[in-house]
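Student: Spelled out from the first residue to the last, the chains are:
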Amino acid sequence: MNRRPVKERLQDFDEVATGLSEQNAVLEALRCMECPRPLCVNGCPVSIDIPGFINAIANEDFRKAARIIKEDNMLPAICGRVCPQEAQCQSTCILGKKDKPVRIGALERFVADWERENGVEAPETAPATGKRVAVVGSGPAGITAATECLRAGHEVTIFESLHAAGGVLTYGIPAFRMPKDIVQFEIEQVLTLGAELKLNHIVGRSVPVDELLAYDAVFIGTGAGLPYFMGIKGEKFSGVYSANEFLTRVNLMHADKFPEFDTPLIRGSRVAVVGGGNVAMDSARVARRLGAKVYLIYRRREEDLPAREEEVANAIQEGVEFVCCANPTRILGGPGVQGIKCIRMDMCECDESGRPVPRACTEAGSTFTLDVDVVIEAIGQGPNPLLAGLIPGLKRGRRGTIEVDEDGRTSIPHVFAGGDIATGAATVIGAMGSAKKAAAAINKMLADSE
Amino acid sequence: MYKIVKRDQIADNIFEFWINAPHVTKAGRAGQFVVLRIDENGERIPLTISATRGDDVRIVFMAVGKTTQQLAAMQEGESIRDVAGPLGMPSAVKKWGHCAVIGGGVGIACLPILARELKAAGNEVTGIIGARNEGLLLLEDELDEACDELVICTDDGSKGHHGYPADILKEMVADQILDAVWIIGPGIMMKITSMATKDSGIKTFVSLNPIMVDGTGMCGSCRVTIAGEMKFACVDGPEFDAHQVDWDELMNRQRTYTGQEKESLEHYHEHKCHCGEHQ
Ligand SMILES: Cc1cc2nc3c(=O)[nH]c(=O)nc-3n(C[C@H](O)[C@H](O)[C@H](O)COP(=O)(O)OP(=O)(O)OC[C@H]3O[C@@H](n4cnc5c(N)ncnc54)[C@H](O)[C@@H]3O)c2cc1C
Ligand SMILES: Cc1cc2nc3c(=O)[nH]c(=O)nc-3n(C[C@H](O)[C@H](O)[C@H](O)COP(=O)(O)OP(=O)(O)OC[C@H]3O[C@@H](n4cnc5c(N)ncnc54)[C@H](O)[C@@H]3O)c2cc1C
Ligand code: SF4
Ligand code: SF4
Ligand code: FES
Chain A
1 MNRRPVKERL
11 QDFDEVATGL
21 SEQNAVLEAL
31 RCMECPRPLC
41 VNGCPVSIDI
51 PGFINAIANE
61 DFRKAARIIK
71 EDNMLPAICG
81 RVCPQEAQCQ
91 STCILGKKDK
101 PVRIGALERF
111 VADWERENGV
121 EAPETAPATG
131 KRVAVVGSGP
141 AGITAATECL
151 RAGHEVTIFE
161 SLHAAGGVLT
171 YGIPAFRMPK
181 DIVQFEIEQV
191 LTLGAELKLN
201 HIVGRSVPVD
211 ELLAYDAVFI
221 GTGAGLPYFM
231 GIKGEKFSGV
241 YSANEFLTRV
251 NLMHADKFPE
261 FDTPLIRGSR
271 VAVVGGGNVA
281 MDSARVARRL
291 GAKVYLIYRR
301 REEDLPAREE
311 EVANAIQEGV
321 EFVCCANPTR
331 ILGGPGVQGI
341 KCIRMDMCEC
351 DESGRPVPRA
361 CTEAGSTFTL
371 DVDVVIEAIG
381 QGPNPLLAGL
391 IPGLKRGRRG
401 TIEVDEDGRT
411 SIPHVFAGGD
421 IATGAATVIG
431 AMGSAKKAAA
441 AINKMLADSE
Chain B
1 MYKIVKRDQI
11 ADNIFEFWIN
21 APHVTKAGRA
31 GQFVVLRIDE
41 NGERIPLTIS
51 ATRGDDVRIV
61 FMAVGKTTQQ
71 LAAMQEGESI
81 RDVAGPLGMP
91 SAVKKWGHCA
101 VIGGGVGIAC
111 LPILARELKA
121 AGNEVTGIIG
131 ARNEGLLLLE
141 DELDEACDEL
151 VICTDDGSKG
161 HHGYPADILK
171 EMVADQILDA
181 VWIIGPGIMM
191 KITSMATKDS
201 GIKTFVSLNP
211 IMVDGTGMCG
221 SCRVTIAGEM
231 KFACVDGPEF
241 DAHQVDWDEL
251 MNRQRTYTGQ
261 EKESLEHYHE
271 HKCHCGEHQ
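For the protein sequence lines, the chains are A and B, in the order given.
Taking our numbering, the leading residue of the first sequence gets 1, the next gets one more, and so forth.
Taking our numbering, the leading residue of the second sequence gets 1, the next gets one more, and so forth.
Hints may contain errors.
What the hints assert, rightly or not - Below 20 Å or equal to it, Euclidean Cα-Cα: the simulated SDA-like pairs (lysine to any residue) are:
| no. | chain 1 | residue 1 | chain 2 | residue 2 |
| --- | --- | --- | --- | --- |
| 1 | A | Lys257 | B | Asp39 |
| 2 | B | Lys231 | A | Lys198 |
| 3 | B | Lys26 | A | Leu197 |
| 4 | A | Lys198 | B | Glu40 |
| 5 | A | Lys257 | B | Pro22 |
| 6 | A | Lys257 | B | Lys262 |
No lab work stands behind these hints, which were simulated from the structure alone.
Construct the complete structure from the given sequences, taking the supplied hints into account.
Tutor: Structure representation (C-alpha cells):
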C-alpha cells in the first residue's frame, strides 16, 4: 500500500492511501493468472468478475474494466477503498498461497478513479413502470437498493434523516480514508438515474408509517447507528464521547474547523479511545490529527484486534499508543474528564471461535490509571431502533435487527430490508450485497404483479 | 431549503418564526421538536415545535448564542438550509382530568400546542407562566385562549403574581385538584418547580434540553439518567418523569462547551464587522 508520509498526513484530513499510477496498475494487473476457476470471486460478497476486469486493465481498456465492475458493484470507488480486501477477495486469490495476492482492491479503486476523471457512463435503465419504491436510509445499502430499482424502471424516493446522504460513509468514516467528494460523486450518479432524495426526512416521524407502507415496495436500510456505552462510572462527564458522536462532530459537522464551522468539540490533549475495531482506529486517528496524544485501550491482545490490518498499521505509524489486555473500570473527574482507570486482563480459555476470553486480573497491582482529558467509546453499535420499532407486525431479531430471509424479505410482504439493520454492524460491501439481493426480489415482485 | 414565512420579535430577545416545512407539520405533535441548521457552516440545534398551521411550523427561541443570534438576524423570505423533524416522542396526551402546563422563560413557547391537545383530549387545563419580568413574558393572549385559566407570574412583580410558578403549583397541589403536570423551562426551574409535586403522586413531566447533535438516536450526546438508567433524550424523550431525572448531571453536561460557545459568538460578531454581509 502506498501511503503519504506520516508527518504530512497528520497535518490534514486528506487521503492517506495514494492510488496506483496507470503504469503500476497495468503491471499489477499483469500478475493475475486469469484463473479459469477464480477463487478470488468466491471471496467477494458481490461476486465481481475479478479476472474479467483485471484482464481489461492489463489490456489498458479501462472503460471496459469499469463496465465489468459496475455490473456487480455500483460503488467501486468506495469499496476499492474501504473493503476489508485482505479478508475477502485477496484472501482467496491463488497467488496469495505462495506470494502476495493480486491487489484487487487497489485495482478496483484505480478503475473507479479513472472513470470519475474520464467521464462516467450511465447504466442502462428499463422503461418506466410507474411503480413506486421507497428506500429508507441513504447509506451503502439504501444507495445500492435504489440503483437496482431505478435500473428496473421504478420510481424511487430515498428518505434520509440527516442533512447529507451517505450514511456511515459520510458521518462515520473519516475523509482521510474515504474522501467526501468521492462519496458525494457516487451518490450523484444514483440521483442522475432519477431518484428523488429527501433529506431531513425521518421515516416514522416526518413520513408516517402508513404513508411509507402505501408505496408498492419498501426497502429499509437504516443501519446500525445506535452507539453502545460501557456502563461504567463517569460516562456522563463532559468529554466522554461515543465514537459516533466524536466522528459525526468532525466528519459531518467539521468541528475540526471550529470556529469557522459552528459545531464545537472538546479536542483533548490526551485522549483514550476504547475498542479495537475500525471505528476505534478511525476515532484514534482523527484525535491524532486534532493534535492529541492518543491511547487505544483494547481488552484482548494486539493480534486479536478486529480492525483491518492496514488501519492498525496506519494507526501505529501515526503514533497511536496501544494499551492491550486492559479494560476501563471507571472514568475519573467531574464535571470534566481527569483520567481513566483500567484493569489488566488475562487471556483465559478459548471460546467457540477459538479466541481466548479476556478476564480481569485479580492480583493486587493489576489496576492503573491513564491521565487523559477525553474518552471516546468505540465498543460497538446496535441496529437503529427508531423506525423498525414503529412498524406493526415487523418481526425483529436479537438485539433489534429486522428479520429477513435470504432475499431480504421481512415479515411484511412488500417490505424488504438489508445492510446493518438486518445483519447488525458489518461492512460496506456486505450491506451492498444484501441490498442488491433485496432489490432483485423487489424487482421480481413488482414484475410479477404486472 | 425551508423558507421563513413570518418573523416577529415577541418579547425581549425572543423571536417567533413560522417556517415552511410540510414534512414537519404533517405529523408534528406537542412535545416534539425540530433540528435546524442555518447554513453549510452551521450547527444543528434543536427547537421545540410551538404550533403548526397548514404547512408552516412555528418555533420560538431566545437569541442566546451564535446560532440563535444568527437566526434572529434572518428576515422573512430568507431560507434555512435544513429543518429536520418532527423528532422525539409526543407528549403523553390523554384524558387525565385536570392538567397544569407550566412554562418558564422561553419554555412558555412550548405550551400552546400542548394546552390545545390536552383540551382536545377532554382535559381541564390551567396554564401557569413565569418570567423574570414583564418584558420576557410571551404568548399570553394565545395561552389565555388555549387554557381554561391562565396564571401569570413575574419574579419582580412587574405583572401578575409576584413570585414563581412553583408557588401557584404548590397551592394547586395542596387543593388536590391536579391529575397531571407539565413543566417546561430552564433546567434549574424545572428541578425546583417539580419538587412541588414530588410527594403528591401527581404525574409530572418535564422536557429535557441536553446538548444534541443529530436528534435521531445516533450519537448519544443527549444521554440523560432517568431512574438510574441511561436514556437518549432525542428519541426516548425529551419528556420524562420529573421525579426520576438526575438534574445535576444534566446541568453539568449542558455546560460542556461554555468556552467554545463564547468563542463562536465572538468569531461571529468579528466576522460581521469584517465582511458586512450579515448586517
Ligand atoms: C467509523 C466506522 C468505520 C467503518 N469502517 C469500515 C471499513 O473500513 N470497511 C467496511 O467495509 N465497513 C466499515 N464500517 C461499517 C460500514 O460503514 C457499515 O457496515 C455500512 O455503512 C452499513 O451500511 P447501511 O447502508 O446498512 O447503513 P448506514 O451506513 O448506517 O446508513 C443508514 C442511513 O439510514 C439513515 N436512517 C436511519 N434511520 C432512518 C429513518 N428512520 N429515516 C430516514 N433515514 C434513516 C441514517 O441516517 C443513515 O444515513 C465502518 C463503520 C463505522 C461506523
Ligand atoms: C429538545 C430541545 C428543545 C429546545 N427547544 C427550544 C426552544 O423552543 N426555544 C429555545 O429558545 N431554545 C430551545 N432549546 C435550546 C436551544 O437548542 C439552544 O438555546 C440553542 O442550541 C443555543 O444555540 P446557540 O448557538 O444560540 O447558543 P450557544 O451559545 O451555543 O449555547 C447556549 C446554551 O444552549 C445550549 N445548547 C448549545 N448547543 C446546543 C445544542 N446543539 N443542542 C441543545 N442545546 C444546546 C447549551 O446548554 C448552551 O450552554 C431546546 C433544546 C432542546 C434539547
Ligand atoms: S468489492 Fe470488495 S471484496 Fe469485492 S472485489 Fe472489490 S474489494 Fe474485493
Ligand atoms: S485468484 Fe488471483 S490470480 Fe486468480 S483470477 Fe483471481 S486475482 Fe487473478
Ligand atoms: S442527539 Fe444524538 S442521540 Fe440524541
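Student: Which of the listed hints are broken here?
Tutor: Per hint list: 2, 5 violated.
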